[in-house]
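Trainee: Each chain is listed here by its residues.
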Amino acid sequence: MYRYDSLDQTFVEERVAQFREQVARRLSGELSEDEFKPLRLTNGLYLQLHAYMLRVAIPYGTLSSTQLRMLAAISRRYDRGYGHFTTRQNIQFNWIKLEDAPDALADLARVQMHALQTSGNCIRNVTADQWAGVAADEIEDPRIYAELIRQWSSLHPEFSFLPRKFKIAVTGSPNDRAAVRVHDIGLRMHRKKNGEVGFEVIVGGGLGRTPMIGKTICDFLPKRDLLSYLEAILRTYNLAGRRDNLYKSRIKILVHDIGAQEMARRVEAEWSEIRHSALELQPGTVEAIAAHFATPRYDASAEAVHAVERRRFTDPEFARWLTSNLAAHRHPAYAIVNLSLKPSGAPPGDASAAQMEAVADLAERFSFGEIRVTHEQNLVLPHVARRDLCEVYDELRRIGFATPNLGKIGDIIACPGLDYCSLANARSIPIAQRISTRFADIARQHEIGDLKIKISGCINACGHHHVGHIGILGVDKGGEEFYQITVGGSADENAALGTIIGPAVAADKVVETVEKLVNTYLALRREGERFIDTWRRLGSSAFKEGLREAA
Amino acid sequence: MKLLKDGRLTADIWQRLADDAPIPATGAIIVPLARLEAEAPDLLRRRGPVGLVLRNSETVEAVVPHLHSLSLIVLEFPKFTDGRAYSQARLLRERHRYVGELRASGEVLPDQFLFMQRCGFDAVETCCVAAEEAWRAAHRRFSVFYQPAGDGRQTIAAFRSQSARLGLDQ
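Those sequence lines, one after another, are chains Z and B. When you line the first sequence up against the working numbering, it's residues 1 to 551, in that order. When you line the second sequence up against the working numbering, it's residues 1 to 170, in that order.
Treat the hints with care, as some may be off.
Sample of chain B residues lacking proximity to chain Z, with all beta carbon distances greater than 12 Å (derived) [what the hints assert, rightly or not]:
1. LYS2
2. LYS5
3. LEU17
4. ASP20
5. PRO22
6. ALA28
7. VAL99
8. ALA164
Covered by chain Z, per the in silico footprint, the following chain B stretches (three or more residues, Cβ under 8 Å) [said to hold, decoys possible]:
9. 76-85
10. 133-144
11. 147-156
Keep in mind the hints are simulated off the structure, nothing from the lab. All of these numbers come straight from a predicted model, not from anything done at the bench. All residues carry an ideal CB built from backbone N, CA and C; glycine is no exception.
Modelling step: build the complete structure from the supplied sequences, incorporating the hints.
Mentor: Encoded structure:
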């Protein structure tokens, strides 16, 4: 894991001191709320429906057990004893008092964390594949480059007042788990035939009001040129992006308006001027950061898995958990263990202080002190020896994070919605709770197979509904909460936007509609087909018919 | 509105010329790009320095042919959230080696002074009460910086490679 050196540490501490002084000026009345707003926003402090919300960055989703323990402590000290993991690999605390915010940030700085750029029209917390460094299919660890981007983008003097927010995601695997095609910039590592590794650069993807799949503007960017190329994209966007209309100011609109080819040309022209500047990455710089992400010392003798295999045949719940919640680790004696923060009927992504502390304990005992946070609002223990799986499972069950539903219908993404958010039109969490309650039967979830449901409470699409296999969008119809359903979206390497499948339905009809879609799939699927495969084969008419028939 | 130049409150000797106003024979005047392009010979023939106010929507490249004759360039912040002038400033300073006064005008907040300093502004028009102190505070607020920019401050990456060469630990 990356550890701050004294320079990184000085930087975050100076930032906390600055914010403490700004809060004092607000509390004394020297700053009006209008003047204070941009200052608090760049420190991750939002004013929500009921209170201030503090959004803490978890860069590229990697956490140490010490950091997770501190998040638990912060939730106890300044909040109501829980936190909410978001779709951007951040954690949010929903009940923060303004006067406590500087202390909370100081506590974060003590464990090398911050809330920088989790809001505002700047380069946001950089996200990456949650299985980075351990996935069996990985070309190279994307976190090395995500960390370089984190540093480069921290209080960037030129790019702190962009036309709109700006999100960068990095994946090091051909199987895209970082949704790089729906980010302002997506970086996908790939290896050329001659063995050289670089990035495919994708720009102008995004969700929100105008969802778009990003376009590739560079097929292969040498790694040493990463920061200069990013700076060229950002400068092009900063100067040419629209500022007259909030809804047309993301980079996707610029790319759409001028075309990917023209965007590539402009970026290339700018890049040629700065390519060989101080931004060019020196081998020593990259190596020094890469050393932080060196693989831990795995125990090659960790393969004694008889107990695990025996239990697989006697404990069906455990067997399902092995099937759905584990992923292939690059070391054969180890597994990636995915923790489901989606027990049926609970708000997706919430964790209590006690749960966070228990996960920190588990990470220390079984995962080299490391935890990952996923954009699907789950947690991961990235290096668990296969022989420890029974013990880890039992402990996860005890704390409620062992629901064997990863990637299944119960593993729902949902934004905070109208329960917390001042932008929302409709509630998201109760809809997620109702669906997961209806499909609480785990055997049935496994029978249905891989199915991603994503729920947003408004058009801003924080719940990524456009790219859900089934997407649910809260809309306001004459003061009532309605939900528009889309089908066929996908955020992976075959990224696609969902298609609207009929008129919006009332809140009490959502579960029924989802169930009809599922039943249609079950009736029509071929051997081995996932929901999304059947949809792709048959298209919307078959599913629309399913909705009508069952009615 | 006060003028802060190199961190000190300074009398503003510059006069902004209205679009249709005749060019005065002497004195320091600020003209928009269109007038600079159309009336460059007249402007340069007179006695007194010429400054330019560049709009956010105008490109720095358009200014380049005139750079040698300009002693002041004013960049605009129509709203503090409009950050185009930061890019314009860096291009002027770092790419085109402009060395005259670079002034921020418009909605300029003291909490943005540091970004402005880093991008190469040496002057701001501000209504901040304790402007000099705010400028100094911005200068002192951070001692470490991640990005190479026009202010020449040493970056964290440069410190690191220096220490690595010397075999020091941070």
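Trainee: Run every hint past the structure and note whether it holds.
Mentor: We went through each hint and held it up to the structure:
1. LYS2: holds, 18 Å
2. LYS5: The claim stands: LYS5 of chain B keeps its Cβ more than 12 Å from every Cβ of chain Z (closest is about 20 Å).
3. LEU17: holds, 26 Å
4. ASP20: Correct as stated: the minimum Cβ-Cβ distance to chain Z is 27 Å, above 12 Å.
5. PRO22: holds, 34 Å
6. ALA28: Holds, because the least Cβ-Cβ distance between ALA28 of chain B and chain Z comes to about 28 Å, which exceeds 12 Å.
7. VAL99: holds, 19 Å
8. ALA164: violated, 6 Å
9. 76-85: holds (count 5)
10. 133-144: holds (count 4)
11. 147-156: It holds: at least three residues are needed, and the region 147-156 of chain B offers 5 whose Cβ sits within less than 8 Å of chain Z.
Hint 8 from the earlier list is the only one contradicted by this structure; the remaining hints agree with it.
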